[in-house]
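Asker: Residue numbers (the numbering used here), protein chains in the order written: chain A, 358 to 659; chain B, 358 to 659.
A pair counts as met if it fits within one copy or between any two copies, since identical chains are not told apart.
Calculated lysine-lysine pairs in the BS3-like style (CA-CA distance at most 30 angstroms, straight line): (1) 421 <-> 582; (2) 546 <-> 583; (3) 414 <-> 482; (4) 546 <-> 590; (5) 650 <-> 583; (6) 450 <-> 482; (7) 414 <-> 489; (8) 650 <-> 453; (9) 510 <-> 450; (10) 414 <-> 371; (11) 370 <-> 650.
No lab work stands behind these hints, which were simulated from the structure alone.
2 protein chains.
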Amino acid sequence: MHFADHLIAEMKKKNSAVCVGLDPRLAQLPAFIVNEQREIHGDTFTAVANAFLVFNKGIIDAVKDLVPCVKVQIAFYEEYGFQGIWAFEETCKYAKEAGLIVIADAKRNDIGSTAEAYAKAFIGKTELFGEKIAVYDADAVTVTPYLGYDGIKPFIEASNHGEKGIFVLVKTSNPSAGDLQERVTVDEKMSVAALMAHFVESWGSEDLGEFGYSNVGAVVAGNSKKEAETLRKIMPSTFLLVPGYGAQGGGAEDVAPCFDEDGFGAIVNNSRGIIFASNGVDYAEAARDAVIKMNEDLNVVR
Amino acid sequence: MHFADHLIAEMKKKNSAVCVGLDPRLAQLPAFIVNEQREIHGDTFTAVANAFLVFNKGIIDAVKDLVPCVKVQIAFYEEYGFQGIWAFEETCKYAKEAGLIVIADAKRNDIGSTAEAYAKAFIGKTELFGEKIAVYDADAVTVTPYLGYDGIKPFIEASNHGEKGIFVLVKTSNPSAGDLQERVTVDEKMSVAALMAHFVESWGSEDLGEFGYSNVGAVVAGNSKKEAETLRKIMPSTFLLVPGYGAQGGGAEDVAPCFDEDGFGAIVNNSRGIIFASNGVDYAEAARDAVIKMNEDLNVVR
Numbered sequence: 358m359h360f361a362d363h364l365i366a367e368m369k370k371k372n373s374a375v376c377v378g379l380d381p382r383l384a385q386l387p388a389f390i391v392n393e394q395r396e397i398h399g400d401t402f403t404a405v406a407n408a409f410l411v412f413n414k415g416i417i418d419a420v421k422d423l424v425p426c427v428k429v430q431i432a433f434y435e436e437y438g439f440q441g442i443w444a445f446e447e448t449c450k451y452a453k454e455a456g457l458i459v460i461a462d463a464k465r466n467d468i469g470s471t472a473e474a475y476a477k478a479f480i481g482k483t484e485l486f487g488e489k490i491a492v493y494d495a496d497a498v499t500v501t502p503y504l505g506y507d508g509i510k511p512f513i514e515a516s517n518h519g520e521k522g523i524f525v526l527v528k529t530s531n532p533s534a535g536d537l538q539e540r541v542t543v544d545e546k547m548s549v550a551a552l553m554a555h556f557v558e559s560w561g562s563e564d565l566g567e568f569g570y571s572n573v574g575a576v577v578a579g580n581s582k583k584e585a586e587t588l589r590k591i592m593p594s595t596f597l598l599v600p601g602y603g604a605q606g607g608g609a610e611d612v613a614p615c616f617d618e619d620g621f622g623a624i625v626n627n628s629r630g631i632i633f634a635s636n637g638v639d640y641a642e643a644a645r646d647a648v649i650k651m652n653e654d655l656n657v658v659r
Numbered sequence: 358m359h360f361a362d363h364l365i366a367e368m369k370k371k372n373s374a375v376c377v378g379l380d381p382r383l384a385q386l387p388a389f390i391v392n393e394q395r396e397i398h399g400d401t402f403t404a405v406a407n408a409f410l411v412f413n414k415g416i417i418d419a420v421k422d423l424v425p426c427v428k429v430q431i432a433f434y435e436e437y438g439f440q441g442i443w444a445f446e447e448t449c450k451y452a453k454e455a456g457l458i459v460i461a462d463a464k465r466n467d468i469g470s471t472a473e474a475y476a477k478a479f480i481g482k483t484e485l486f487g488e489k490i491a492v493y494d495a496d497a498v499t500v501t502p503y504l505g506y507d508g509i510k511p512f513i514e515a516s517n518h519g520e521k522g523i524f525v526l527v528k529t530s531n532p533s534a535g536d537l538q539e540r541v542t543v544d545e546k547m548s549v550a551a552l553m554a555h556f557v558e559s560w561g562s563e564d565l566g567e568f569g570y571s572n573v574g575a576v577v578a579g580n581s582k583k584e585a586e587t588l589r590k591i592m593p594s595t596f597l598l599v600p601g602y603g604a605q606g607g608g609a610e611d612v613a614p615c616f617d618e619d620g621f622g623a624i625v626n627n628s629r630g631i632i633f634a635s636n637g638v639d640y641a642e643a644a645r646d647a648v649i650k651m652n653e654d655l656n657v658v659r
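Here chain A stands alone, though its shape is the one from the complex (with noise of 0.2 angstroms):
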């Protein structure tokens, strides 16, 4: 099925625009995960894989029936070595055998025979003496558009004709976004956020789903509503992946501008407001609370 298809058909199963940020950070773990995993592997960085895997199974579980997908930023487990990696393909693993769709937040880029390398790892297969594997098995993943056309063609290759996804990153919430991002350009005479945005919607025209949606998808921040409006505007096409919910910054109303007339188009993404809920035995609870919130409040303004 069509990466954007897929992810339309979820969020109207479970009526809902709302991605889960699987974002562990040892020391926001609940303690009683933490030290079950110390007393079987110690002081190790196995134990911190495997309590990160306990904890976002979790998760997941509380919260699999009520959102379409989950995100996962791999610089939280890449802190821990090629242990934390491990623990990012089992949590990605768990999350699609639970149903929910996979996107890995990576921010890869490179060119040529590099890219293509990243792009099988993440969401396409990697060759081993005539087999081929899926590794990460993300259904997709965020890149960056520093190199231009030739980063992203790869993964654009990857996705076997739009199955899988990829997220462009068009425009960010830091503070410092502008140093590059808002730069305005002579011949284009527009910022350079909204040049990529022309180019992301362009890249994704190829292979677009039932829906009208390409598999090439821009992530766009949520902490401003005017921003949003723009880019929506000049990418149609494109679904948007909004971080900068919550934690961040950002509200509903600052976000409504993502979706389209019907509601789609776009998914939201939240991390530490629901996996951090709460510390404690309940914090699976908690998160799907949370979720439930974030659900409802959402659902008004698409």
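Position chain B relative to chain A; hints supplied.
Answerer: Using the frame of chain A, we list chain B on its own:
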């Protein structure tokens, strides 16, 4: 020791500006290495990871007295999941123990605590129940500037006042680099690449080493002499990491302007031209010969 001073000291000691790219690819590895690991580990990612490590150790042993540094492209390891990342870690460790400066080519980019997690993994230390552990423990890591200073600062902070380095993507050699990097901005009347060069020069100004170079370097493509001249002038205190030599089209004349008048200030990477000089049992010897040749070529122009 300051990263730039360390690099210059090793360049002097070995009379070399060559960086060897450790970018193994299964299909191009000597058959005897791959077969040996398949016999031990079967047709598994573990076999590939071990083959990569054996191959890399052979290269490292053969070139360690000839070059100041190696660049390890993590994408080729990530293609084989956490087992591949294990080989990446072990390769970095072995190269450091062999007296080589290790540059992790990861092109990471993110903001806030996410960028901090990446910075810890590559050049800093991860906290583990009161201990602090260096994970990949590279001497430097490549990063991408699409997010502005917020995406760079956590890496600078993790650098321990210049002891570790970063190389920021400024200008790449791929055909579509111009999609973004060659756009001219209205206010500054310069290309995005030139604008980023100005940023990099200023971002590194806090921690200069003994020879006037900062620990915030730049990646500048080695396939255009004119561009190298321009960017070198904008960034007098910035060490350049120059890809694009050999397989990607650049020659000694093209990269000449990257060096300062003393022949320092830049290192030139070559991967395929060295590590795949032969795919027979003589691969390490062939790599050594290729490095000797490249040292001679570069030493003429610097």
